[in-house]
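Each chain, written out:
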Amino acid sequence: QQQVKQSPQSLIVQKGGIPIINCAYENTAFDYFPWYQQFPGKGPALLIAIRPDVSEKKEGRFTISFNKSAKQFSLHIMDSQPGDSATYFCAASVYGGATNKLIFGTGTLLAVQP
Amino acid sequence: NAGVTQTPKFQVLKTGQSMTLQCAQDMNHNSMYWYRQDPGMGLRLIYYSASEGTTDKGEVPNGYNVSRLNKREFSLRLESAAPSQTSVYFCASSDWGRGPEAFFGQGTRLTVV
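Here the protein sequences line up with chains A and B, keeping their order. Throughout the first sequence, residue numbering follows this note's numbering, covering 1 to 114 in sequence. Throughout the second sequence, residue numbering follows this note's numbering, covering 1001 to 1113 in sequence.
These aren't lab readings, by the way, just hints derived from the structure by calculation. Some hints could be false.
To be verified - Capping the alpha-carbon separation at 27 Å, the derived lysine-lysine pairs in BS3-like fashion look like this:
1) Lys57/A x Lys15/A
2) Lys1057/B x Lys5/A
3) Lys101/A x Lys1071/B
4) Lys42/A x Lys1071/B
5) Lys101/A x Lys1014/B
6) Lys1057/B x Lys58/A
All values derive from a computational prediction rather than experimental measurement.
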């Protein structure tokens, strides 16, 4: 049972391009949606997160778009750079509970070519 | 500030052997977690601990046990390792009172032969 579905599995873009990674969730109780970035041999690190009270959030070159009615959210990377090459995971959880039990998507391997 | 520290970083076990993965956090977080990461499957929650003295099963607990030794430390034990437990294991910690972010360790790459 995959509660958070992520696509595509892999993505190759040229430097300066705008890769887009999409996620869809099923559980309407989820109200916290983070994106994690993972480099080879490292643990995931929080990149940006959104809650359902807004439809878009920007932090630097990274933007999350959120569609509550469709239960979908996406990550856009503006002016992508070779240093952005990494695996990206979307996730979902219930905000403010006793714990932050994250349900992860399956990941997207992004390669940004020079 | 070390964050979340996991030991060991790499381990090879034979089928049937046991071992304990160690995790410690220095952020005074209440909650700690163990995830496993497998190709094409993302990260899946094995066990978690909401606070010192409590532990609960996650999505894939079979074959594992955990101990929340104190507020800082949360260990994961494989009693009789199986090849299906070959994976990369991540420990994480969080505390809503200090913000929503969950912090992850560097991972333990475990191979069971």
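Hints versus structure:
1. Using a Cα cut-off of 27 Å, the hinted pair Lys57/A and Lys15/A holds, with the two alpha carbons roughly 23 Å apart.
2. Distance restraint check for Lys1057/B and Lys5/A: the Cα-Cα separation of roughly 22 Å lies within the 27 Å cut-off, and the hinted pair is therefore satisfied.
3. Between Lys101/A and Lys1071/B the alpha-carbon distance is near 18 Å, which keeps this suggested pair within the 27 Å criterion.
4. Using a Cα cut-off of 27 Å, the hinted pair Lys42/A and Lys1071/B holds, with the two alpha carbons roughly 24 Å apart.
5. At most 27 Å may separate the alpha-carbon atoms for a hinted pair to count; Lys101/A and Lys1014/B exceed this at roughly 31 Å.
6. The suggested pairing of Lys1057/B with Lys58/A is violated, with an alpha-carbon distance near 35 Å, which exceeds 27 Å.
In this structure, the hints that do not hold are numbers 5, 6, in rising order.
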